[in-house]
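> Letter by letter, the chains look like this.
There are 2 protein chains.
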Amino acid sequence: MGKELVKVGLVGAGTIGKGVVDLYRRNINLINNRIDFELSLEKVADRDQSRLQALGLDEKKLTTEAADVLDDPQIEVVIELIGGIEPARSFIARALENGKHVVTANKDMMAHHGWDLISLAREKNLNIFYEASVGGGIPLIRPLKHNLVADRVRRVLGIVNGTTNYIFTRMDRDDLSLEDALSEAQRLGFAEADPTNDVEGLDAAYKLVIMANLVFGKKAVFDQVHIEGIKGVTYEDISYAREIGYTIKLLAIGEELPEGLALRVHPALVPLEHPLASVRNELNAVFIECEAAKELMFYGPGAGPMPTAAAILSDVVEAGRCIRFNIANGVVERELQDTGFVPVGALEARFYLRFLVEDRAGVFASLANAFADEGVSLDMIIQKRRVGDLAEVVLVTHQVKEEAFHRALNKVTDISAIQPNPSIIRLLN
Amino acid sequence: MGKELVKVGLVGAGTIGKGVVDLYRRNINLINNRIDFELSLEKVADRDQSRLQALGLDEKKLTTEAADVLDDPQIEVVIELIGGIEPARSFIARALENGKHVVTANKDMMAHHGWDLISLAREKNLNIFYEASVGGGIPLIRPLKHNLVADRVRRVLGIVNGTTNYIFTRMDRDDLSLEDALSEAQRLGFAEADPTNDVEGLDAAYKLVIMANLVFGKKAVFDQVHIEGIKGVTYEDISYAREIGYTIKLLAIGEELPEGLALRVHPALVPLEHPLASVRNELNAVFIECEAAKELMFYGPGAGPMPTAAAILSDVVEAGRCIRFNIANGVVERELQDTGFVPVGALEARFYLRFLVEDRAGVFASLANAFADEGVSLDMIIQKRRVGDLAEVVLVTHQVKEEAFHRALNKVTDISAIQPNPSIIRLLN
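As they're listed, the protein sequences go chains L and X.
Heads up, the first sequence is in this note's numbering, so the first residue is 336 and it goes up one at a time.
Heads up, the second sequence is in this note's numbering, so the first residue is 336 and it goes up one at a time.
Warning: the hint list may mix true and false statements.
As the list makes no split between identical chains, a pair holds if one copy fits it or if it spans any two.
Here are the computed lysine-lysine pairs in the DSS-like style, where the Cα-Cα straight-line distance is at most 27 Å [what the hints assert, rightly or not]:
1) K554 to K338
2) K459 to K338
3) K719 to K554
4) K480 to K629
5) K553 to K338
6) K342 to K736
Hint data in this document are derived by calculation from the structure and do not stem from the laboratory.
It should be emphasised that the depicted structure is a prediction, and the values quoted were computed from it without experimental measurement.
Please build the complete structure, drawing on both the sequences and the hints.
The following block contains the structure:
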């Protein structure tokens, strides 16, 4: 007795698309042996003929027209891997309108239009799967959706950008400057030629929005994410951090407060005993603080064609299962609720601060007074190194409201002896 | 329009059972808001009236007869939480025969009878869910089943026993002896009054069998697991390990080799940079080495009523989803295949060895000869401490077949100058 056939189409044959085809060709028998139906990749669309040729598939399966996949009535699952917002969004909407389940790895599109597309899918009794959009090959979206259905998430902490994590790891381990570590990352393929999205924190913010939608059930909005990139972090900061028992990571942090969601991406000092501190090189991890399960972490490769392809094909299998059993969206995504947002200034944090100062009597007193005036108390003061004529000072504050800290900081930087552009990095609390 | 009601029964109101009822009462509205049907806990059975009374449920829902749950035609999902092999196994079989989906947290029963019960469930077009049986509150079984469907697992490495991990952590951090750390664990509720199952590695072996069944698709057999407990590990070993860049963990290791499955539980030196090294206290983690996704880790609380209850209720939701959408077992569990097993002696490992030796000329030479004769080469030798008249020696070998190592070791311990009962611990490679 033959098993039911589920026909799949793919739009986008770039690096990840080729990875999906490669893994499909290698493991399709394994996959079909594991499931009660049969997957078949019927068609791949890409505008670029040479990319299509590189796939090693039967010519009949290749097309330069996305419409040949999106409008083919035989295809029941569409994998979208062209990336970017348009035409990806329209392609997905068209596939849903045509009654197809959708699998995507597209993080910026999901961050901006995810909940509209999920609503559209729901209307049509279809599903949209996006396991690969956050954390690449790490099982994350499905566990967050299914395993935490009886729990309440307090906070999400993610190392979700491999490029910046690789850079910080190299700076820490091999005493490199940020520039050298970035060049190294580019040479090894962990950073793109234009690393802006990674280095400035946008990539991490996309992923944060997707996770926040999911775990808080609220409409997280990309524009409401406070984003700081890694450019302000120097080798000296990493070195001081290590000395006081921390390592620096670019964190995507989402939490639900009574007033709404607080969403931010910034470098942070992470205590060396925290599980996130052990996430090195280009690897990613998402740490979840929740009410019942307390602390969970999901760790693995956040990118790369093969890990991402494994996540995408697992989504295709789930889509096939929906077809086989006629499953509409039975467990979440729930309808997302509107929410307020808490600006970063209203949050509390501990701060690490490093600056250069003229080494003369009274400077330290005026500095201490500036902090005291704003109720900012200091947990740690290190002054041990000179840079030319100047003394280098590192301070760590106790927990303080961001606004108060910045008021104090303005007074401090007004003190003429203190040099401009201090390093300011929050501590993970 | 009312949502479809899914009626749930619970057998066993011990610590975990009470946790499930508590979490249900706290979060049932939250859960029902998240899903397209409605869960209702209708009946709880326990032989012990006082346990039932402690639940704070309506009297009408309580019964001392398991049959009142297992045979109630209205109940569609049965949660089994009595633990142990019988009558748990018979209860689950009876629930399946009666057409009910089953949720269980019972690791020893699943390790011994899991695949029979899964086959029975399959025959009946039902499912058995056991997310809480390994790793307590860590999302693990469902991600392994669904997310790795397109991937091939090479090796599973688990810290899956919280008691022993707590003991090793305290020994390492606070320089305690194993006995003192165990007493402390008992005082804090991380170890039972009779800690045999934990300390001797049986608990970890149950969980290894369940994971091996799942990730390799083979019939793993409990009796084929090589099991060593933690009793042979002393404070000195942990201290030397730290000195050479390792920490000691009780690992459950499963791998698929051409000749069959190799399954073992034993303490191991884990490099400090390995993500498993950062798993401290009573926490658990499972590290998966696989072909496409390379390395994944799932981390969280391996026990405790609330984390375990969250996992159990997520299984109940999935069971409800199967009822709502008439889902038979669409993605794995596949039928498990028979397999051979590779005995531990045929494996290769690096060994850490610590022993006391009379400090006189020629002893070291005969020792070195014994190893050389069996082709065991040494990577590291430390001799720096005296214990009374004796010198303490620590050796670390290169990769060697276990059998050759033990032949060499027999010769070494034949050397009269060498004291009996050396510490022998494998390194994670």
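> Decide, hint by hint, whether the structure agrees.
Consistency of the hints with the structure:
1. K554 to K338: For K554 and K338, the Cα distance is within 27 Å only across copies (25 Å; inside one copy 40 Å).
2. K459 to K338: This pair counts as both: shortest intra-copy Cα distance 26 Å, inter-copy 19 Å.
3. K719 to K554: neither (48 Å within a copy, 62 Å between copies)
4. K480 to K629: So K480 and K629 pass the 27 Å test inside a copy (17 Å) and across (23 Å) alike.
5. K553 to K338: Classified as between; 23 Å across copies, 40 Å inside a copy.
6. K342 to K736: For K342 and K736, neither the intra-copy (55 Å) nor the inter-copy (48 Å) Cα distance is at most 27 Å.
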